[in-house]
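Q: Residue strings, one per chain:
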Amino acid sequence: DAGVIQSPRHEVTEMGQEVTLRCKPISGHDYLFWYRQTMMRGLELLIYFNNNVPIDDSGMPEDRFSAKMPNASFSTLKIQPSEPRDSAVYFCASSSWREDTGELFFGEGSRLTVL
Amino acid sequence: KQEVTQIPAALSVPEGENLVLNCSFTDSAIYNLQWFRQDPGKGLTSLLLIQSSQREQTSGRLNASLDKSSGRSTLYIAASQPGDSATYLCAVEYGNKLVFGAGTILRVKS
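As given, the protein sequences belong to chains A and B, one line each in that order.
The numbering used here applies: residue 19 is where the first sequence begins, and numbers increase by one.
The numbering used here applies: residue -6 is where the second sequence begins, and numbers increase by one.
Please note that a few of the clues may not be correct.
The calculated lysine-lysine pairs, modelled on DSS-like cross-linking and capped at a C-alpha distance of 25 Å, are [said to hold, decoys possible]:
| # | chain 1 | residue 1 | chain 2 | residue 2 |
| --- | --- | --- | --- | --- |
| 1 | B | K90 | B | K61 |
| 2 | A | K42 | B | K90 |
| 3 | B | K61 | B | K(-6) |
| 4 | B | K90 | A | K86 |
| 5 | A | K42 | A | K86 |
| 6 | B | K35 | A | K42 |
| 7 | B | K(-6) | B | K35 |
| 8 | B | K90 | B | K35 |
| 9 | B | K90 | B | K(-6) |
| 10 | A | K42 | A | K96 |
| 11 | A | K96 | B | K61 |
| 12 | A | K86 | A | K96 |
| 13 | B | K(-6) | A | K96 |
Quick list of the computed label-pair ranges, beta carbon to beta carbon [to be verified]:
| # | chain 1 | residue 1 | chain 2 | residue 2 | range |
| --- | --- | --- | --- | --- | --- |
| 14 | B | S52 | A | D75 | 32 to 38 Å |
| 15 | B | E49 | A | R59 | 42 to 48 Å |
| 16 | A | H28 | B | A2 | 25 to 31 Å |
By construction, these hints were calculated from the structure, which means they are not laboratory data.
Predicted model only: the values in this text are computed from it and were never measured.
We treat Cβ as the ideally placed atom computed from N, Cα and C, and that holds for glycine.
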C-alpha cells in the first residue's frame, strides 16, 4: 500500500477563499483522523471518522471548518472562508482496529498558508 | 484534562551516545502509547507502540518503556547516529483519540 495520501502538499491562498484538503487512507483502515499542527499549539485532533461516520468533531475550531468522508477511500477537510490564523500543516491519519493494535499511520501533510 | 508532557524540549548529543527521551501523562487510563518520529517538513512515522498491558517494546536500537501507574514512558536510543536527528513525539491514546506531547527535538552531531 502507498500509505496515507494527502493533497495538495502545499496551498497558498488569500483570506476569504475556500480551501479543500483531500485524504486517501490506507486501504482497509476503518478509522480516519484529521490533525492540525502549528508551532504554538502542536498537534491537535480536529475530527475523526469510524467506518465513514464522524465520531468526534469537538476539535473543529469553528463552523468555517467542515469534514466529510463519502466513502472508505476518501475524505475532505474544507475551510470556508479561510483566515490567516488557519495557516498550519494539516495531517490525515488512518488506523485499523480489526487487523492490528490501532497503530496510526500519517500522511505527509498539507501545508496551508492563508495570506 | 488529559495532558502529555515531553522532556527535554530539545537535546543535542555527539554521535554514539545513548540517550533517553521522557514522556509523562496526567491520565493513566490509557489504551496505548505511541512514539513517533517527524523529520522537517514531513509527516509522522510510527516508531513503537506499547499497549497498556505491556511494559516495553523494542525495535532495533530503540526501546520504549511504559509505567502506567506513574504516568511515564521513556524512549531509549542506543548508539545514536546523525540520521536519528528529528523531532520525537509521544502520543497517548484515550478511547480512539491520541493526545500528543509537544515533542523533543533531537540533534545528533557527527
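Q: Hint by hint, note whether the structure agrees.
A: Going through the hints against the structure:
no.	hint	in the structure
1	B/K90 / B/K61	holds (17 Å)
2	A/K42 / B/K90	holds (20 Å)
3	B/K61 / B/K(-6)	holds (17 Å)
4	B/K90 / A/K86	holds (18 Å)
5	A/K42 / A/K86	holds (12 Å)
6	B/K35 / A/K42	holds (17 Å)
7	B/K(-6) / B/K35	violated (29 Å)
8	B/K90 / B/K35	holds (22 Å)
9	B/K90 / B/K(-6)	holds (13 Å)
10	A/K42 / A/K96	holds (15 Å)
11	A/K96 / B/K61	violated (38 Å)
12	A/K86 / A/K96	holds (8 Å)
13	B/K(-6) / A/K96	violated (28 Å)
14	B/S52 / A/D75: 32 to 38 Å	holds (34 Å)
15	B/E49 / A/R59: 42 to 48 Å	violated (31 Å)
16	A/H28 / B/A2: 25 to 31 Å	holds (27 Å)
When held up to the earlier numbered hints, the structure conflicts with 7, 11, 13, 15 and fits the remainder.
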